[in-house]
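S.K.: Spelled out, the chains give:
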Amino acid sequence: MAQHESATPAADDVMRAADGKPLKDSLRRSMRRAKTKALLLVAPLGLFILFSFALPIADMVKRSFYSPEIQNVLPETAELLGDWDGDGLPPEQIYATFAKELAQADENRNVGVVSQRVNYVMPGARSLFSGTARKLGNVDSGPYKPAMIEIDEDWGDPEVWSILKREAYPITMAYYLSAVDLRYNAAGEIEAVASYMQIYQKLFWRTLWMSVLITVMTILLGFPVSYLLANLPVRTSNLLMILVLLPFWTSLLVRTSSWIVILQSEGVLNDVLVTFGIFSNDNRPQMIYNKIGTIVGMTHILLPFMILPLYSVMKGIPPSYLRAARSLGANPVVAFVRVYVPQTIPGIGAGSILVFILSIGYYITPALIGGSSGQLISNFIAYHMQQSLNWHLAAALGSILLFVVLGLYYIYNKLVGADALKLG
Amino acid sequence: MGIPIYAGRLERTWYYTYRVICGLIFFFLITPIVVIVPLSFNAEPYFTFTREMLTLDPAGFSLRWYQEFLNSEQWMEGIKNTFIIAIASTFLATSLGTIAALGLSKPYMPYKNAIMALLISPMVVPLIISAAGMYFFYSSIGLSSTYPGIILAHTALGTPFVIITVTATLVGFDQTLVRASANLGADPTTTFFKVIMPLIAPGVISGALFAFITSVDEIVIVYFIAGPDQTTVPLKMFSGIREEISPTILAVASILVGLSIILLTTLELIRRRNERLRGIVPQ
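Chains H and X, in that order, are what the protein sequence lines are.
In terms of my numbering, the first sequence is numbered consecutively and its last residue is 424.
In terms of my numbering, the second sequence is numbered consecutively and its last residue is 1283.
What the hints contain is simulated information worked out from the structure, not anything from laboratory work.
Take the hints with a grain of salt, since some may be wrong.
Unchecked claim - One-sided excerpt, in silico: chain H residues whose CB lies under 8 Å from chain X:
{"id": "1", "residue": "L41"}
{"id": "2", "residue": "L221"}
{"id": "3", "residue": "V261"}
{"id": "4", "residue": "L402"}
{"id": "5", "residue": "N413"}
Ideal Cβ placement from N, Cα and C applies to all residues, glycine included.
Construct the complete structure from the given sequences, taking the supplied hints into account.
M.R.: See the structure below:
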């Protein structure tokens, strides 16, 4: 009987399960089955997130450096330009192909797609392309090289062709460069854009320092409240907790619109200040539609994200440590700073990263109450998506922001672990 | 935390100052929520308290903004859309999230941390970036300006909450119960609905509430991928605030505050029940 045999060591000295198979194999098989089962449970959501979330974001990142417009409209020219050594003027063959495809593009009305792309690097490209495309209709036979130089002498400029060669290649760093106020000059070197056009570096810095400021504000306001909540009797602290949780659960738009009601120049706060004579009626301070509005609104909205993790950490700190420090002769301030505060660092860290991540990508509040000086990087992403329609630049700005956030998320994961996020 | 009897005068002063500071911070937290509710009953189209309101004169109050809201076809359309999208995405997020959380809590889950990081990421990635990605991608596959598109997006945003709350409940879950149930002849489906589900229900319900409120409150993605037929309440509020803010928005905001109070109370009741079941009774 199998069972009997398994009780005694087999001849090859391998432990065997009841069915006579080696125990190790059985274990491995059952482990594999357990793993497969676990994976199968996660698979539906994993695939769902991949399709509905990860793929769109990967697509956006791809858009930030992949821009095949010229290749799509002028495929043969792009290929020939790719093979050309880029020295001096291209041979007649390229002129001929380019003329043929440009005329074709003019018929399909998509010369603009090509010229817009070149226009980023070479202002004036738009009129050069559209003018040439129009006049090429009168040229029906080669050689095209002199004919095109006849139409516009720019076509005899080697620089124009080397720009076209570079731009025809679908992979480009140009959008990342413009996202940090740099650009390729005509010679293909990286240079800063004209100073009056530099906005993004300033914008990144503003987003950064405002996020840091908001994080610091939430620590300053969140710390005393969390300490109070963690040290009051449960019944009282549960009641006070409502004051933290209700804003947390209230719609973002509700909170933003109530800040408009409170802060606007005819608003509640200004009325109070005028009534008490702090400001005269014609001299009401501007507290909204600028940086102040954004900072106040976002601090209010993100404060619960600091209080909740800080509270749960403080809840776990035994009060006896502080008492021990006191009884050993530390004065209250020293005891608090040197014994209590260091124990709250994990909570401050978790809360700070959370608040910082949220504020660095905030869109709604700055858009509604930030005015023009309180706009953050996300507002410019939206602007390029909807108004300027420079989707590649929007994608590049978004990708930079994404990498920053993912980096911080990675640190957060190392420090606290993603599943340690506490809710409610 | 009373003051110890040995506290000196300085310490006493600090104790009361500290309480006042905390009071001010709580005031900062709650005032914006509280202030709009009375203002939404304003008889005048202003955003400030009129003299009549301050003297509690009934003539200063009216329900006209609520009436305007209820009689507006656009707002009602918005409510309908908001609820269609929220209910569908909550259902999807809760079912997918619960099943995945069961898998993630298995002891032999391979690549657990990497998978968890992927599944939580919709909560971490800034909404504007998700919106940008979806705006390009969904329009290329014909999903933008459709209900399914927004529902997909909101489901993705809601699942991290379900995962977090359900895995938290599963930490204390006794896996032998599953084996006991199988031993007694229940098939996996019966075991899931009769044994596992009742025990993890609090986590599932609070996850579902989080997913629901996320969808109801979500504006950035809707702003980018919704068409004119999918206008939701937040989107209507957003454009209302941008163009000209009318007190109707305050009426809607007050109703939303009411909704969040209901959700918060439900969550609190679930939490208490949960603690009672686990034998942790609040003092």
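S.K.: What hints, given by number in increasing order, does this structure fail?
M.R.: none
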